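Chemist: Chains as they are written, first to last, in our numbering: chain W, 1 to 429; chain Z, 1 to 429.
It should be emphasised that the hints constitute simulated quantities derived from the structure, not laboratory data.
Here the structure is a predicted model, which means the values were calculated and not measured.
There could be a bad hint or two in this list.
Chain copies aren't distinguished; within one or between two, either way the pair holds.
Taking lysine-lysine and the DSS-like style, the derived pairs with C-alpha atoms no more than 30 angstroms apart in a straight line are [said to hold, decoys possible]: (1) K214 with K327; (2) K8 with K214; (3) K427 with K249; (4) K249 with K29; (5) K29 with K141.
The lines below spell out each chain.
Number of protein chains: 2
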Amino acid sequence: MTNVEALKELLKIPSVSAHHQAIQDCAEKVTEFLQEAGFHVQIIPTEGHPVVFGEKKGISDKTLIFYDHYDVQPPDPLDQWVTPPFEPDVRDNRLYARGVADNKGNIMARLAAVESFDRLPITIKFIIEGEEEIGSPSLQKFVETHKSLLKADACIWEAGYKDEAGRPTMCLGAKGLCYVQLRAHGSKRDLHSAFAVIVENPAWRLIRALTTLKDSRDHILIEGFYQDVEPPTAEERAIVDSIPYDGDKARAMLGVDHFLNDMSDEEAVYHLLYGPSCNICGILSGYTGQGSKTVLPADAMAKIDFRLVPRQDPQKIFQLLTLHLEKHGFSDIDTELMGPLWPAKTPVTAEIVSVTEQSMRAVYENPPVIYPTMSGSGPMWLFTDVLGIPTVSIGVGDAESRTHSPNESISLSDYEEGINVITEIIKRM
Amino acid sequence: MTNVEALKELLKIPSVSAHHQAIQDCAEKVTEFLQEAGFHVQIIPTEGHPVVFGEKKGISDKTLIFYDHYDVQPPDPLDQWVTPPFEPDVRDNRLYARGVADNKGNIMARLAAVESFDRLPITIKFIIEGEEEIGSPSLQKFVETHKSLLKADACIWEAGYKDEAGRPTMCLGAKGLCYVQLRAHGSKRDLHSAFAVIVENPAWRLIRALTTLKDSRDHILIEGFYQDVEPPTAEERAIVDSIPYDGDKARAMLGVDHFLNDMSDEEAVYHLLYGPSCNICGILSGYTGQGSKTVLPADAMAKIDFRLVPRQDPQKIFQLLTLHLEKHGFSDIDTELMGPLWPAKTPVTAEIVSVTEQSMRAVYENPPVIYPTMSGSGPMWLFTDVLGIPTVSIGVGDAESRTHSPNESISLSDYEEGINVITEIIKRM
């Protein structure tokens, strides 16, 4: 089986962590591929989904660890996929499937790079977890329990993308995440909407509570929300100012004709890296099928996420949210914190940063763009802060990869280059 | 087949008008039952679902018309039904099925009453439509086209309920209904929620728009909304004040421990009859399954209904809503008006009111309670205002009937009494 064929095998496994689907199957398939490449592999149980850990000794003890995840986002809305999400399909030199950019393509590209060496110059470790897309709830305990196993001199994080202009990027940090489910309750059952004149509607209650969280310019109104925000250093700010960003291309990719609050391209870059957010991921109440149904719903639910920046603490933000709801008279609304993630940042001066930059320059036509942090979230803080390993994130995606959306894909040329960059990094370390 | 067996046959047909389901089947079954009772029947096509019209001549030309509907509400949430909605089940002398109280039980009780006469003293007509639960969109044109066919001296409307204390009720009016679907649009597709810092979220936009419609005390803020409201006459107000109402029982039935805004029982009665409302029937955006998914939704949808009181006009209210959204900067939100209904009212002094009252006194243990109007809506205005027929609504339901909710039911004793009341009315007319 070629490496790309193996990748397709992996993509066929619908390992949706939010639905606890095909998790064991996927962990076993990853294990099989690592073993075939000469790794000593363990499937290590956690309180949630198992972690696949692999190690292959090199000539030197110097160690590079790859952090990846074998789980994927739910594929819905299914009707928007051109081909089914778990039936990998190649069209115009792009490979389409849920998880191909985030993050199964990177797992297999890294494995291909390792396999290109007859004798590995350094020791390589893989930690591949199965809960990244649900906020990595078991990884903190895992990392704290297996510190010596995970020891390494540097870490390559799970994913990276070419930007709208085709420039490869490298990220040195991640945002934190505070994901909260809110639920408002009314009657014990759905009622005829004629009773709306005398019975409170939990959907009204929930949306009233939600609208207290932000003003119309998206400034978050939770008291203390911005208190711990650490602004970027002058050094970071200089790097940010040098980031090339084509707003027109970005807007076209995102399918919008203007940014939020008509912000400029420069503001957009700054917000993507240093702006915390409060977003409605989902909301549901009552009858939502076709036609009309006159109902007074029994309950209403919303899922919201806060993206956090260094030094915001998701547990503290959750407490502030709870206090905010109480203060505004919404203490009857249930709140549930799901999989908190802390923000992370690796110093621009770390050795792995220059090694990776040189490797990228050696492979790609365009010079790499360095992002001191990134717009997405992950458990990178466990590596940078808990394990103390300098970490950079690169990968085989591009600006058209549609991560978390229907028709996720990667370019097969990017995939080849991604293999070569990892090979260069291993040589140079 | 006994009458109750025939009713169960009718209840097995899942004639959900919102889904255009089993409509023709149900119209044909109703036709069959009317024909077996000696009616001359026509299934009359409309632009939507067909109307079943039946007529049976009596000794006198005096004519009583029954307005009913063979369609039902959608049965969801399905998992809350003790037995499946379209498999009628008797438990503790109650018959459970979707549509048994609203309105198939009344169709069959009325038919049983007519069948109890060897020679009918008066002429009986049935008009049984198939779109009541979606707002009767075709009935107005039907009524205007078939005025002579529908000529009658009085009309018995589709439904009625014993109250919490077991007193039979009679209603002389109905609220109007303005049902609107709203839709806000963001990106062309769902995005990773990391982009929430730079791309507008249509769910935020929709809930912000919705919260401008009412203040926190449920006063509707649409300019001109209350302008055409006609307060009850002194005569009506006296009847309303005499309505017995057990707030504790009502709250227990509704599954709440207090009324909206902690209103008193008297205020509750007044609001049920004379209070317009603005209610969220449903809202949906983004990911609403289990677990967490970090998504920035592409669109957001809400269904709202306004219950209207005499002289509010649903088409005017829809225009005022559209103007309100424009005025508040939400003209990008799509609005769609579905099946408007006007409010209706029959004078307390009409002959059919006293005939029905006397018939109810002759059958029931408790004296009837007269409601000058009711909390629900329907196309009654087409009969009272367009055809000019005095109309009263009575029926076989009770306060536990859970109309529009899971586990809809009627008491089989109420069903027998309901047959007897119609028999008495036919005798007395």
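Chemist: Does each hint hold? Answer for all of them.
Modeler: The hints, checked one at a time:
1. Within a single copy, K214 and K327 get their C-alpha atoms as close as 15 angstroms, and across copies as close as 21 angstroms, so both meet the 30 angstroms cut-off.
2. Taking CA atoms no more than 30 angstroms apart as the test, K8 paired with K214 passes in neither setting, with 43 angstroms inside one copy and 53 angstroms between copies.
3. Taking identical chains as interchangeable, the C-alpha atoms of K427 and K249 are never at most 30 angstroms apart, the minima being 35 angstroms within one chain and 79 angstroms between chains.
4. Taking the shortest Cα distances, K249 and K29 never come within 30 angstroms of each other, neither inside one copy (38 angstroms) nor across copies (60 angstroms).
5. When the C-alpha separation of K29 and K141 is checked against a cutoff of 30 angstroms, the pair qualifies only within one copy, where the shortest distance is 24 angstroms, while the shortest distance between copies is 64 angstroms.
Hint compliance for this structure: hints 2, 3 and 4 are not met, and every other hint is.
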